[in-house]
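Protein chains in written order, with the working numbering: chain V, 1 to 164; chain S, 1001 to 1733; chain G, 2001 to 2162.
It should be emphasised that the hints constitute simulated quantities derived from the structure, not laboratory data. Please read these numbers as outputs of a predicted model, since none were measured by experiment. Even for Gly, the Cβ is constructed at its ideal location relative to N, Cα and C. Treat the hints with caution; some may be incorrect.
[As the list claims (entries may be wrong)] Quick look at which bits of chain G chain S covers, simulated, 3 or more residues with Cβ under 8 Å: (1) 2004 to 2012; (2) 2053 to 2063; (3) 2070 to 2083; (4) 2087 to 2099; (5) 2106 to 2118; (6) 2130 to 2144.
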Amino acid sequence: AVPASSQSALQSLDSNAPVDVAADRIEVQDRADRAIFSGNVQVRQGNLSLDAARITVAYSGGIAGSGPQVQRLDASGGVHIQSPSESARGQFAVYDLNRRLITLIGGVELNQGGNVIRGGRLVIDLNSGRAVIDGRSQGGDGITTQGNASGRVTGRFTVPQRNN
Amino acid sequence: QEEAGGQLPDAVPTVQLSAEELPPLASPENPDEIVFSAQTVEFDSEADIVTAMGDVHMVREGMRLRADRVVWNRRTGAVEANGDVAIRSPAGESAYADSASLSDTLRDGMVENLLIVLENGGRLAARHGVRVDGVSTLTSAAYTPYRAYGYDGEPQEPSWRITAARIVHDPETNRIRYSNARFELFGVTVMALPAFSHPDGSTGGASGLLVPDLRLSRSNGLEVGLPYYLQLAPNRDLTITPRIYTEVLPAIEARYRHLAAEGAFQIGGMATYGTRREINPPAGFVSSGNEDFRGYIEANGRFQITPYWSASGSGRLTTDDTFLRRYDISRDDRLRSTVTLERIGRDSYFSLAGWAVQDLRVTSDAGQQPIALPVLDYRYRKKESIVGGTVNVRLNSLGIVRTDGQDTQRAFASAQWDLRRITALGQEVTLTALVRGDAYHSDENANTLTSFYRGEEGWQFRGIGAVAADIAWPFVGEIFGGVQRITPRIQFVATPPLSNLEVPNEDSRSIELETSNVFSLNRFPGNDRFEDGARITYGGEYRLDIPRFSLSTSIAQSYRLSREPALFPDGTGLAARFSDIVGRTDIRYGRFLALTHRFRLDKDNLELRRNEIDFSVGSRTTYGEIGYLRLNRDITFNVEDLRDREELRAAARVAIGNYWSLFGSAVVDLTSQREDPLSQSDGFEPVRTRLGFGYQDEGLEFGFTWRRDYDDTGDARRGNTFLLRFALTNLGR
Amino acid sequence: CGLRPLYGGASSPARAALGSVEVGEIPGRAGYLMRGALEQRLGAAGSTPPRYRLEVELDDQITGFGVRADNAVTRERRTLRARFQLVAADRGTVLLDATAGADAGVDVVSSEYATIAAEDSALENLTQQVADQIVARIALYATRTADEPGEGQAPGAASEGP
């Protein structure tokens, strides 16, 4: 079984690594420096994979120049984030590559080595490796979802085997 | 070792936890999992620390933790909880604290300003507590059974508590042990308890000393009883109570109780050495040394062998007539012993029983007391059998043996047919027909004092037949917002002449004409005498039920059509052709007032032959009761049965505040010599009075009773008895 | 004051209700006698498929008084109390929850077995009296609920008596 207290693989994620996106349809709005992928979209960056029904990618430095720099991904519709050490699920997700923050909102469930946490909102800080889950159902920028009614975070942690 | 009792944690967290504070999180099946819920959870996977905030609940293996904030270092297993911490064990005991540092078994840890609420409501408060493997060791702690807040929500001062330097509560052995503790009653230190322990009450008590009872009586002086309770097994226990007296030798009492799968039985007794004395010795009471063995034994039990068959029995026996009175065990004057085997079916009933009695009454002669063995009674009923009527078949046999008196054997078989219908006009009509055959055998009849109880010696046979018609016509109507009901009733009974006096009378001696039996087919009790001749019985019942008030009164009389002298002795109200008038009135006003008047009026001069008044007024905690009985039957034949009597009984209880109560009762024998030449009273003779006060709250009960007996019976001399009762309830028992 | 027969008329609600009451199990000797007395009275109104069930709980006490100066008890009183519930057979709702009681005096005579037999006869008479009270109370309930048809369905026409 995965060692319960292993380091989170997400911590070593390099936000500057290339981001490749696959989707059924793509619509590029060049003037708004934005591309909208829809239809079982799959995003891969290093060992992080992010699947959703619809993802809007905001990038800087036009499509032609020295290649687009992805600033932010907004995913919606059954978002599923996967890394070797954990997986998370929610209704919306925002991956801010500059601040290296992944925010997941709406019926969030985080699975990490046998531990399961469910709540309204999950913020994973890739710099410190800390994940904060709370019951609020508002996203940072006003995205509201219907979190579980009680606005509570619930879950199950396994107690690591210690020989003391 | 800290100073005993030290400064008690005044800031004991009086946490008012309401029930939904700990929503029932399902305890995880996997023992190595903690289920939790909180407002926010922070999980630092690098340092492997989980921080939960906002009404955090965690559950592991049934142990429930609740706190405002919990930091759990999963690597070291340390759980820091603070802010309204509550830990509840599966055994039902809860600990509350400001802060607690626990292991992630949630079972062990160190707690500050701790309050433990035991399953039976007892409370342990402490400044500091350590819990290892569920065993809590508290320092500068206190135990009290009282809740922090009274029912009215006001903080309440506990009536008593035990403070101690160290208290150890071990849920495995279910005991609480104190070291150099002090017992405080109403804030005053009453007793130092160097080492003391008691069960924590969760397993229904374990072995240990019970609360002693104290008694000061004229017969035995000061008496102290020290009961010791021994729990042999969850379903078996033994209580041994040595009793020490100042005036007589000590006594030993024991009671063993056993609960089996199909039933239970208990056996108890007491034994001592003392002076046995006959009732009124010519030379007055002289103590002839204490060499007589005195005591009593009693046992009873009941076993349900199969869903139908059950066996039950109860026996009581004492060494001499006055032992129970002298040692204030019981006032009963006839100790009945019986064994019964019963089979109760849907429509059949069978019982085989035996009766014996030890008569402690002064005036009785033991040789004359009957032993009834076997008493067989088999009943079978069949509905809708003949012309739609119900048939009740009954077989009965009785064997009476007397050590030096008449022996009688009897067997009878009877079949009774009842047809009950409601006519179109609303009349309840009941037609009855009875046929019965008796067989008797008796000898030594001459030994029976009362001549017409004897019957003829040897074999006697009797056939009984009876027909009856009974019509009751209930009318109902609304009145004063309630309902009134009038039910006139008339009954006609005819029985051919019977040979009553030829057969012995063993069970039809206690004749009493009342509203409960005036309409019975046979107004004699038992079966040995059966009313013959034809008669009409008429009467009526009126009942008024309005909100909070009800009145019901009934009255009846019977008229004998046949002329020959009746079998009833004069004075029973049934001797002449017109019977006495019997009646009864019940008045109820809410739950506050109840009056019952039962009477029998002489048919000629309407004089009260029997007058019983029971009156009670008041609530459950403050009430007054009066019971008056006057029997003025002036029975002509001189036999010691059916004597006249007059008595007044009174009792009252006054609740003062919600803990104190004052109570008193008196029994006064008003029988005058004229009424009953045998009576020792001269018209106003108190028999027994009792006066006392009591205190009771959720953790403490004590009471003082002064009882005065006005007559000596044997060596139980008249005089005062003072009982002191003191009990710490909720002390784990 | 409008007195009318409780069971008057062919379709009296009281008569119909009595016929459709089934008596539940009552333990003990007193229970056997009580059940017989109740079934005899309830059967008087003919019998239709049971729509009510009658649950009865008995409490039987014998107290002694008339205490003579030498502490001998001369009188006993046997009190039989019944707590009974009328339950709707289909829905199981408790329609009527009331008590009934009666008592009889017994003179304590010299022969103890005669006193025991008198106590036993008192029990037989008491079961008859308490059964009368229970059945009358059920009839009264049926009459009053029939007046306001809202509560419970009005009992159907009962089969005619003899």
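Now for the hints, and whether the structure bears them out:
Under the rule that three or more residues need a Cβ within less than 8 Å of chain S, the assignment of the segment 2004 to 2012 of chain G holds, with 8 such residues. Check result for the segment 2053 to 2063 of chain G against chain S: violated, 0 residues qualifying (beta carbon to beta carbon below 8 Å, three or more required). For the segment 2070 to 2083 of chain G, the proposed coverage by chain S is satisfied: 6 residues have a C-beta within less than 8 Å of a C-beta in that chain, meeting the threshold of three. Check result for the segment 2087 to 2099 of chain G against chain S: violated, 0 residues qualifying (beta carbon to beta carbon below 8 Å, three or more required).
Given a C-beta distance limit of less than 8 Å, the hint that chain S covers the segment 2106 to 2118 of chain G holds, as 13 residues qualify and 3 suffice. Only residues whose C-beta sits within less than 8 Å of a C-beta in chain S count toward coverage, and the segment 2130 to 2144 of chain G has 5 of them, enough to reach three; the restraint holds.
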